[in-house]
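Q: Residue strings, one per chain:
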Amino acid sequence: MITLKNLHKSYFTASNSLHVLKGISLDIHQGEFVSVMGSSGSGKSTLLNILGILDSYDKGSYHLDGKLIQNMSEKNAAKYRNETLGFIFQSFNLISFKNAMENVALPLYYQGVSRKKRNVTALEYLDKLGLLEWAEHMPNELSGGQKQRVAIARALISKPKVILADEPTGALDTQTSYEVMEILKEINQEGITIIIVTHEHDIAAMTDKIIKLRDGVIGDLIINGDLASFKKSYAKNVATL
Amino acid sequence: MFDIDKWQEILGTIKKNKLRTFLTGFAVAWGIFMLMILLGAGNGLSNGVGSNFEGNALNAMWIWSRETTLPYEGFQPGRRIQLTMDDLEEIAKIDKIDLISARYWIGDRTYSYQNEYGNYNTQSCHPDYQHIEKLIITKGRFLNEIDMEYDRKVMVIGHDIEEALFKDKDPIGEFIRVGTVPFKVIGVYNEMDPREGTRQGLIPIATAQRLFNAGNRIHNMALTTVDVTKKESQRVEEEIRLLLAKRHKFDPEDQRAIGIYNSLENYIETMNIFSAIKMFVWLIGIGTLIAGIVGVSNIMLIVVKERTKEIGIRKALGATPGSIIGLVLLESILITALAGYIGMVLGISLMEGVNFMMEQQAQAQVGTSGDQGEFRMFMNPTVDLRIAVSAMLLLVSAGALAGYIPAKRAASIKPIDALHDE
Ligand SMILES: Nc1ncnc2c1ncn2[C@@H]1O[C@H](COP(=O)(O)OP(=O)(O)O)[C@@H](O)[C@H]1O
Ligand SMILES: [Mg+2]
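As you go down the protein sequences, you meet chains A and B in turn.
Numbering (this note's numbering) for the first sequence: 1 to 241.
Numbering (this note's numbering) for the second sequence: 1 to 422.
Please note: incorrect hints may appear among the correct ones.
Below, a list of computed lysine to any residue pairs in the SDA-like style, where the Cα atoms sit at most 25 angstroms apart [claimed, not checked]: (1) A:K22 - B:I416; (2) A:K159 - B:M392; (3) B:K134 - B:V49; (4) A:K98 - B:H248; (5) B:K305 - A:T13; (6) A:K185 - A:L132; (7) A:K98 - B:N47; (8) B:K309 - B:W7; (9) A:K117 - A:E133; (10) A:K117 - B:W7; (11) B:K309 - A:T13; (12) A:K67 - B:V49; (13) B:K15 - B:M392; (14) B:K231 - B:E90; (15) A:K209 - A:G66; (16) B:K309 - A:S40; (17) A:K209 - A:T13; (18) B:K134 - B:W7; (19) B:K309 - A:K185; (20) B:K414 - A:L132.
Some chain A residues close to chain B (C-beta under 7 angstroms, calculated; not the full set) [said to hold, decoys possible]: (21) L26; (22) E74; (23) K75; (24) F87.
Partial list, computed: chain B residues near chain A (C-beta under 8 angstroms) [as the list claims (entries may be wrong)]: (25) D5; (26) Q8; (27) E9; (28) N17; (29) T21; (30) G179; (31) I313; (32) L317; (33) G318; (34) I416.
Simulated from the structure, these hints should not be mistaken for laboratory data.
Nothing here was measured: the structure is a model prediction, and the numbers come from that model.
Ideal Cβ positions, reconstructed from N, Cα and C, are used throughout, including at glycine.
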């Protein structure tokens with residue numbers, strides 16, 4: 001589903017340049033549930049933005065669903081973002097003057113789906129996430145967990161192949177975080193590839209594969225058996241909290 | 001552009017940002033409101049002053065005698081010039097002159113018919129006079145050449161006289177006594193412009209000269225030219241002055257010896273002033289409008305900045321640059337057009353209201369007093385629909401113009417910058 005080969009990315013500011021990603025090679029298969037970890041400023045968001053075609057890269061290659069993503073026109077990028085990718089953000093990023101249903105329906109608007117049909121579909125997804133009663137509410141009338149569920153519904157409505165989530169639980173309390181992770185797990189079980197950025201070990205422990213970024217390269221890749229012990233140790237940590 | 005969904009999306013945005021929309025629209029509404037008022041006032045001024053020329057042929061001239069003010073060939077200044085029928089015949093020969101009529105007033109006399117009577121002025125003239133003064137014959141006919149030939153004692157009476165002396169009776173063929181002399185009524189005239197009044201009896205000049213000892217003296221002359229330019233009409237005016245100077249032996253430079261009023265010259269000059277005023281009004285109006293557009297553009301820029309995050313979200317969800325441009329552009333056009341329309345309707349309504357009040361007042365005046373001939377400054381201060389429609393089109397383009405730069409800026413917003421978590 002996602003193949004990165006020796007991917008480089010630098011940021012250039014007026015005075016200096018910052019080499020953030022220094023050769024990332026990575027394979028993520030369809031249906032995987034992956035988390036990206038690393039210290040603050042290690043380039044997690046940068047990587048996710050490149051995967052989401054929200055940002056460009058300098059060197060290497062990025063194949064999404066078998067297609068090389070490079071020097072893409074804004075129009076094509078918009079199409080990929082709309083049809084193949086779904087985004088979930090730490091700060092939810094709901095449009096403040098649209099109610100929950102309208103927010104969820106927005107990706108379908110950009111697919112040219114009629115208003116009636118997209119509102120019906122939006123209600124279905126809100127129902128799935130247990131928010132049907134909140135469909136007419138504005139974002140500022142919702143709790144953090146509810147907002148994130150609306151955002152998840154919005155990411156799901158266009159039936160994407162990959163969902164990218166940058167610290168989706170970063171602004172939520174533990175209880176709510178776990179609820180959100182439960183939802184993401186269910187979505188993943190339906191076959192959607194999910195990549196989340198997090199710095200919380202217990203959150204990462206709920207995924208199948210952990211990519212640890214260090215100094216711009218992949219420092220650790222924890223899978224399968226290793227993951228089991230990782231899970232155990234962090235589950236214990238949580239239990240003693 | 002005519003995608004209903006897009007409009008709904010925009011209407012949704014506007015509805016949920018009412019204050020912002022109002023502030024954006026206000027500048028434009030105000031600009032158009034002022035433009036309509038200025039245009040209406042300009043039209044009112046031009047219609048008002050223009051209407052003062054309505055009662056007479058536009059290319060008419062009036063010539064009357066005065067006193068000399070310069071010594072000439074041994075004559076002292078202060079000599080009274082007396083125009084005669086011979087002068088008229090000579091002037092009639094000048095190139096480009098079309099209609100010509102002498103005028104000689106008999107003065108106030110008592111007009112009587114059966115038991116009704118009143119004091120009226122009698123003016124004698126040529127048959128051409130009807131068209132120079134643009135008289136409307138409401139009954140019977142005007143004076144003709146045969147009346148002149150036979151010095152007939154016939155009279156065309158003004159509408160006021162008809163009302164006063166004949167009430168509802170048909171006056172044609174009846175006899176009116178002017179002093180002691182009976183005149184047969186052959187017609188009734190009315191003026192195009194009611195302010196000119198219809199309290200005169202008109203008789204053939206030939207009859208007047210025989211009956212009232214006028215000899216071949218006349219008081220003044222009225223004439224029209226064939227279609228001429230302002231320059232040509234000034235030349236005719238000059239030729240007349242030279243001819244009369246020669247015949248009456250006064251200095252051709254003596255502008256005060258005879259009076260000539262050239263309505264064409266005055267009309268053209270007045271109209272030139274009004275085209276200048278109109279241009280000025282448009283200039284101010286367009287200036288106000290441009291200020292409005294710049295205002296909208298600025299506000300839209302702020303709006304785009306405020307909406308950076310929202311636009312970033314939209315882009316992350318699959319909005320193309322084109323759809324973002326459309327969003328901002330159409331919002332700008334919609335606000336501009338709507339606000340402009342409101343401003344236009346208010347402006348036009350105000351001017352129509354003023355017009356209505358002025359008409360009421362004018363009617364009341366006509367009803368109560370015979371106050372006539374006053375100079376009219378202001379009349380029908382309205383804006384015609386064609387201008388309103390072009391203003392509307394102008395507005396839509398203005399909206400597009402105002403939205404263009406902000407839209408471009410919005411389209412170039414990068415989602416990662418917009419979505420940066422603070
Ligand atoms: N648009 C940008 N311009 C310049 N520097 C940036 C930009 N985005 C991120 N950076 C820098 O790149 C580094 C990696 O950022 P980021 O990927 O957001 O880190 P993380 O998400 O792992 O905390 C940081 O040092 C950050 O300051
Ligand atoms: Mg980050």
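Q: Tell me, in ascending order, the numbers of any earlier hints that this structure violates.
A: Structure breaks hints 2, 4, 7, 12, 17, 18, 19, 20, 21, 29 and 30.
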